[in-house]
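Residue numbers (our numbering), protein chains in the order written: chain P, 1 to 324; chain L, 1 to 324; chain D, 1 to 348; chain B, 1 to 348.
Calculated from the structure, these hints are not laboratory results. Please note that a few of the clues may not be correct.
List time: in silico DSSO-like cross-link candidates among lysine-lysine, alpha-carbon distance up to 30 angstroms [as the list claims (entries may be wrong)]:
1) D:Lys333 to L:Lys305
2) B:Lys182 to B:Lys241
3) L:Lys193 to B:Lys333
4) P:Lys22 to D:Lys51
5) P:Lys193 to D:Lys236
6) P:Lys242 to L:Lys193
7) L:Lys39 to P:Lys242
8) D:Lys51 to L:Lys39
9) D:Lys310 to D:Lys241
10) P:Lys179 to B:Lys241
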Amino acid sequence: MAELTYLQAISDGLRTEMRRDKRVFLIGEDVGVYGGAFKVSLGFQEEFGPWRVIDAPLAETAIVGSCTGAAIMGMRPVAEMQFADFISCGWDQLVTVAAKQRWRAGTPVPMVVRLPSGGGFSGGPFHSQNPESSFAHIPGLKCVCPATPEDAKGLLISAIEDPNPVLYFEHKHLYRRIKGEVPEERYTTPIGKARIHRDGDDVSVITWGAMVYTADEAAQQLESDGVSVEIVDLRSVMPWDKAAVLDSARKTSKVLVLHEDTRTGGFGGEIAATIAEEAFEDLDAPVKRIAAPDTPVPFSPVLEKAYIPQVEDVVAGLRQLAEY
Amino acid sequence: MAELTYLQAISDGLRTEMRRDKRVFLIGEDVGVYGGAFKVSLGFQEEFGPWRVIDAPLAETAIVGSCTGAAIMGMRPVAEMQFADFISCGWDQLVTVAAKQRWRAGTPVPMVVRLPSGGGFSGGPFHSQNPESSFAHIPGLKCVCPATPEDAKGLLISAIEDPNPVLYFEHKHLYRRIKGEVPEERYTTPIGKARIHRDGDDVSVITWGAMVYTADEAAQQLESDGVSVEIVDLRSVMPWDKAAVLDSARKTSKVLVLHEDTRTGGFGGEIAATIAEEAFEDLDAPVKRIAAPDTPVPFSPVLEKAYIPQVEDVVAGLRQLAEY
Amino acid sequence: MAIAREAQPVGSLHEVREAGLDREDLLGAYRNMLVTRGIEERGHILYRQGKIPGSFYTGRGNEAAAVGIATAMRPEDVGTPLHRDMGVHIVRGVEPWRIFAQYMGRQDGPTHGKDGNVHMADAQLGLIAMVSHLPAMLPVATGCALTFRIREEARVAVGWFGEGASARGDAHESMTFAGTRKLPIVFVCDNNQFAYSTPSYLEFATEHVADRAEAYGFEGVVVDGTDVLAVYREAKRALDKARAGGGPTLLECLTLRMEGHAVHDDAFYVPKPMLEQWAASDPLERFRSWLRDNADLTDEEEDEIAAGVKRLLTSALERADESPQPDPADLAKGVFASPEDLDTPHHK
Amino acid sequence: MAIAREAQPVGSLHEVREAGLDREDLLGAYRNMLVTRGIEERGHILYRQGKIPGSFYTGRGNEAAAVGIATAMRPEDVGTPLHRDMGVHIVRGVEPWRIFAQYMGRQDGPTHGKDGNVHMADAQLGLIAMVSHLPAMLPVATGCALTFRIREEARVAVGWFGEGASARGDAHESMTFAGTRKLPIVFVCDNNQFAYSTPSYLEFATEHVADRAEAYGFEGVVVDGTDVLAVYREAKRALDKARAGGGPTLLECLTLRMEGHAVHDDAFYVPKPMLEQWAASDPLERFRSWLRDNADLTDEEEDEIAAGVKRLLTSALERADESPQPDPADLAKGVFASPEDLDTPHHK
Ligand SMILES: Cc1ncc(C[n+]2csc(CCOP(=O)(O)OP(=O)(O)O)c2C)c(N)n1
Ligand SMILES: Cc1ncc(C[n+]2csc(CCOP(=O)(O)OP(=O)(O)O)c2C)c(N)n1
Ligand SMILES: [Mg+2]
Ligand SMILES: [Mg+2]
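Taking the hints into account, I'd like the entire structure generated from these sequences.
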């Protein structure tokens, strides 16, 4: 075990797979000489050479499409978007080709797209988004959103191993802020399995990514009022761990769904609707959602604070539920 | 009043606006000489000339982006996608530029994108999709999905008048199958207002587009069992008429949300979650969702029938709710 | 004005031998062209009989281009043929009965009724199934070429696109990436002069699509797409060059789309004289008379080939018609691949 | 190999007069270049003081290109300048204090704190605010040009893009559409030889980006982007041509990005000799000495201009610093436009 930052854990996972399996390669803008905008692949080109750590042209469609072709040819491509926001330029290749090829033509497309996502540092409307909900709706794509360094490494390895296109959302705000014990050896974290981040009896919070920490701080505050909060870290948004979510819902009978992406049409709606339908008889309060308002992500710190769900917001929501 | 097909009503609405307002122009692949893949603009180029009915290159990004620029320059562009499926190639321009420009920079972008969508005739995975859910999640975009000829004309005129980017989903399977009385004069149908397609007391169906007719047939069948079904035709998916939906939910206390798009992450989840949260105390049964399974749209008629929600499926769902 | 190199017609049997084809190959290519057209002609009939759901597309006029290029490819090469390139599937060895089954949405079609018409491919034959979105397969083909470069394999990827689709960003990003990295790929433009109803001058501003190649740092070649031998020779040159590390080539096959965009389209917008002019250089007829003049194709051989193709297609139709409808229970299967799906030669 | 025309430097005051600039204009341009650099230099200081949230970008080395082109534009022309083109906003008349307010995310910035750095524009000055996604503003600029063509207005749209962003499909689709329709647009490539850390040869395979212009049916011109007068003259030619119905031009301004991609980047990957070489042709210094040699710029004038700029920016900083933080209550406002928003000259 070593203590690694979330960022180091991602590098570690990627390096582990690239050393183990020569079919794995990394492609993206500035990932080679520069080591990536966030230095995830710092030193990789020296170790693996320019044809396994490929500096791509500024062309997301070419990057995503090339990975699809390479995957079909038996490689295990890992694409890095410089920021998750720019995947909008590779949208068609992902939803039209990569997502549907297995079902239509029986051709698996084992590829990973790494998406540095999330806000919290005044990145503004185009360097802060959380686009996982848009992709989770497209049959054929998997979406994982690790919150801890351990899961960051384990889910990246699972994503590379997975025979499908997997979108790997790495939250930029966790990169250097979050440290944790990470096994040195290779291991996988199952895609589609949630993690009980915190055990509790009175209210459940279903969340993922950076919001896990927001929920945790809120839960600590409620503890002092004698309200015990359970936090389910989904880890994978597609497929998502319905069983674990329903178990927690039935256990506490009060659920808050929390995410950093905007509310309307966000994946929280899918989760809330599912709980409300399948745990109908077990709920003592309406399933509550807390998410960003329906606006782009603002640049100003003052505005961004009002945009990203804050601990106070979650505390208030949890109190409401507790008192319902 | 004249009896028009759904398709004729769309042409009528577009012609009405182009005659009334010379800022309105149509651009798309084969919309000019050919009159559009579905002949919506048949004869338009003769009447309005080649610079108001523009045959675009095969380039959706150029089409959508040009409309954004034209809208900012004071025009009222209407883009036609040959099939809604191809809007995936204009995704970035819509979500990155058109959707956010008003909020970020104060610049309104009054444009319309016409999207021939929906299945039912073996169009296969790329000529049958209903992508409204993907766009309804993006703040700054409006989505309308008319079901009747009268609304098809009125909503198109409203969409052109609207100062925002509006995605106008016209369901291909209704084009020639559905006829109805359409006022000859100019009129608008308000965006964001639902229409009670059928009055009922026991169960509510919330739906839009072609599914309105599926729901209607199902409702007729249940009538014979003495179950009275209310059908709320949403007409606009973004913004959606929450008030009308909650009224109906409170009235019947049992709700079925029905759409042709795939289930997981579909907009039905947003609606169901909202009802379950805000009408919690009024519900006598869990809000049920019926939608397409999480797969691409199949080509084979046998498979497509299993994919698109059928009258039997809705009947079964309504019975379940009625008996709950 | 940048001008792409204009390919010369192939004159004599001798030139063809130099290009690497013996007489058997020539007759084989001729036969493949007949099969290609035969499949599409019978498909038309099936459509009229109401046996083909949805719409129906053919590549009439493009048989020589498709067969010429596929004939020049090696088995280890891969490609992403499109809706005018039935000939490629035929040359690579897809059995006609499976194509008819595909047309009819039956269980034995390559996509088992999940997708339709030419949206199919047999991965074992090195082909990747096209999507509708054009030219979205070019970035994919570029990724195949990237793989060959990474693994230093002497293989080439062939990516097809129409002259209309040349307007889309996917074409540009693929050629930019392939050009800067000198990837082993041949970009084949099926220039049939119309994109649905849209004429070429609204899709690109140069004389030829291939004139754009040098903007990407590689050679552009325009060849008469009705001349199977010229196409073959230029394709072979481009493939050899790519295989040898010389990078991409843009090979434009100039034809005219001899039918409507799809079966419902009467193509009123195509000038009649244009149609007549191109009808006069029908790829099959052209090759047939070349074979008679240069390779002593005899009446007997001709009849034998024609009869063989007829038998093949007739039995293929029967067999396809026996193929069952897909099982609705399979609809939701296969959205996600399972690890076993990777137990293929590719993924070792 | 297609070669774009290489622009000549402007020699004498006489030539400049021919190009339409009198001495006042020249001093004005010089002043605008000083303001441009001054704003970005002070922005740097603000950033170090922790007054600028997020990241910070400058266009150091690109001042002549931005000012030269904007100076050639007419008030009725429109443009979509990017993150290296601060000079365009200055020439068009954006008040510096509002730019500082934008940097700091304050209420009085053009985006009121909703967006940051150069993601801003004053629509009243005919500019459209850029998005991060590159070069997504080119299709938008193309739509402006389309509008001028539809309405038969003698106006031109100017769309900027970097040499790195030239690799993206948006550039291709815009140039394809503008070229086939001969739209009144000038595509300006800020070629500063790096895309973040990526050198040009990985972005395009030709010598110049402008070499690609003829693939779209219009002229490509390469100009030394540190020579404001040469840029001005070529921009004016291109604008006049477009205005007269002659269609698009691709004007490539060759410079070197003289700072890191953004403030956090030390640009270790840029070869030192290259930096030194380009440092020797600093746009401001170059123009200053030209003015001294050719337009008798006196010490007094120089000092006066410099002092004026200093005063302007100092008071601008003060005023910006007084600008309040945006009100969180406004966050959710303005996602959708209301009909009143259309009561602008544009939308009559
Ligand atoms: C991205 C995209 N937009 C629109 C279409 C609809 N469409 C199908 S074929 C076609 C014309 C294609 O023209 P071309 O590329 O020349 O190929 P051809 O059909 O002529 O062989 C169009 C517009 C499509 N398939 N993909
Ligand atoms: C579509 C897209 N992908 C990635 C980025 C991230 N990014 C920001 S600037 C930049 C380099 C741009 O290079 P160039 O076009 O040459 O412009 P320059 O910054 O050099 O002026 C990149 C990759 C982006 N802004 N847009
Ligand atoms: Mg064509
Ligand atoms: Mg650059």
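Against the structure, the hints come out as follows:
1. D:Lys333 to L:Lys305: holds, 16 angstroms
2. B:Lys182 to B:Lys241: holds, 11 angstroms
3. L:Lys193 to B:Lys333: Holds, at roughly 21 angstroms.
4. P:Lys22 to D:Lys51: violated, 48 angstroms
5. P:Lys193 to D:Lys236: Violated, at roughly 51 angstroms.
6. P:Lys242 to L:Lys193: Not OK: Lys242 of chain P and Lys193 of chain L at ~34 angstroms, beyond 30 angstroms, violated.
7. L:Lys39 to P:Lys242: violated, 46 angstroms
8. D:Lys51 to L:Lys39: With Cα atoms ~25 angstroms apart, Lys51 of chain D and Lys39 of chain L stay inside 30 angstroms; holds.
9. D:Lys310 to D:Lys241: violated, 38 angstroms
10. P:Lys179 to B:Lys241: Violated, because 60 angstroms separates the two Cα atoms, which is more than 30 angstroms.
Hint violations for this structure: numbers 4, 5, 6, 7, 9, 10, all remaining hints satisfied.
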